[in-house]
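Protein chains: 2
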Amino acid sequence: MDSRLKRIPLEIGYYLAGFTDGEGSFNVSFRPRPDYSIPWKVSVSFNVSQKDQIILALFKRYLGCGTLRSRPDGVWYYEVTNLTAVVESVIPFFERFGFLSAKKKRDFSKFKQIVALMQKEAHLTEDGLREILSIREEMNDGGKRRYTYPEILASLSKSSETTRQTPSTDGDDIVRSSWRHEGAVEATSPVALEPDF
Amino acid sequence: MDSRLKRIPLEIGYYLAGFTDGEGSFNVSFRPRPDYSIPWKVSVSFNVSQKDQIILALFKRYLGCGTLRSRPDGVWYYEVTNLTAVVESVIPFFERFGFLSAKKKRDFSKFKQIVALMQKEAHLTEDGLREILSIREEMNDGGKRRYTYPEILASLSKSSETTRQTPSTDGDDIVRSSWRHEGAVEATSPVALEPDF
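Just so you know, the protein sequences line up as chains A and B, in that order. The numbering used here puts the first residue of the first sequence at 557, with every later residue one more than the last. The numbering used here puts the first residue of the second sequence at 557, with every later residue one more than the last.
Rather than coming from a laboratory, the hints here were simulated on the basis of the structure. Worth double-checking, as some hints may not be accurate.
Remember, identical chains collapse to one label, so a pair may be satisfied in a single copy or spanning two.
[Claimed, not checked] Here are the simulated DSS-like pairs of lysine-lysine, each with C-alpha atoms no more than 30 Å apart in a straight line:
#1 Lys666 - Lys607
#2 Lys597 - Lys562
#3 Lys607 - Lys661
#4 Lys607 - Lys676
Please build the complete structure, drawing on both the sequences and the hints.
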């Protein structure tokens, strides 16, 4: 086991896993890139939002990655989007502390399958994208998605016909909602990080 | 420490505490009893609702009390309303495993203050009711309440003027919403109760 993971107090680890079971979310997002040969960019993320920033600050501290921001409505938002951080921190943490609900076990398992495909760069091929899409369909009870499975599939077929060759890298990230650009601030204020179990 | 509490595996206890931090609720309800000398009946409850019944079945198993029901919309609802069960099971459990967020620490602390007052039967006196009301104002960020602080206070003053003497016991319980009487069923189907940490 990773040495950082070993240093996480058990009571914190299980508490955060229980909190995540109810409040946390593993997501796979598709964003259109119309001028690229593979016209969708896939991103994975782990996030939790809550009015109280203390729990989210504990996530940031013990996962050792991610960003903590406050929204204008007073809700705090913790998110990990970096694939390496997801692979090296988020997944090992929840493999160590585990989930108890059937729903979260399933979502986490699907999320790991998709991350494993992305590590093999499957998301840069059409077949890989199709596989990721079909696994995502079984996550988060269908969930709210900006683009549906049929929409994305249809655009893939179209793109196969035209086969435009363009670079497949860009620096954009998924933007889930508009608040991030409307006064969101980095969490800088100190919070009590020592739990008093 | 109570022997039942000692038998709760730490990973389950902290997991359920973390889950409760996000999804659980400590409530104090007022229900009108217009014909009584003390015209409000106070009840306390702990509850958690969730689409997945497994976590809620674990609460019922490890707290050793409460009811688990399914609603017509498919959401499961776990609730402890019995004062003795709250005193002997719910409060010791969360004192043992603790909360990390400021919000839940505060709500649980206020809840305990009110339960202690009820153990001294303060809710059967007007002064006691006023004290319980004012503590409740600081719980659940104001929360959704059927009757407001001013409404209840106003009725208390009125009742002081008339001072009708009638028995102060009845068998009713707080009804929070209508679903309980519209096809709610007791949870009888078996669920996997052995977590696989």
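Hint check:
With identical chains, the CA atoms of Lys666 and Lys607 are at most 30 Å apart both within one copy (28 Å) and between copies (19 Å). In the homo-oligomer, the alpha carbons of Lys597 and Lys562 never lie at most 30 Å apart, since the shortest distance is 35 Å inside one protomer and 50 Å across protomers. In this homomeric assembly, Lys607 and Lys661 come within 30 Å of each other (Cα to Cα) both inside a single copy, at 25 Å, and across copies, at 14 Å. Taking the shortest alpha-carbon separations for Lys607 and Lys676, neither the intra-copy value of 37 Å nor the inter-copy value of 34 Å comes in at or below 30 Å.
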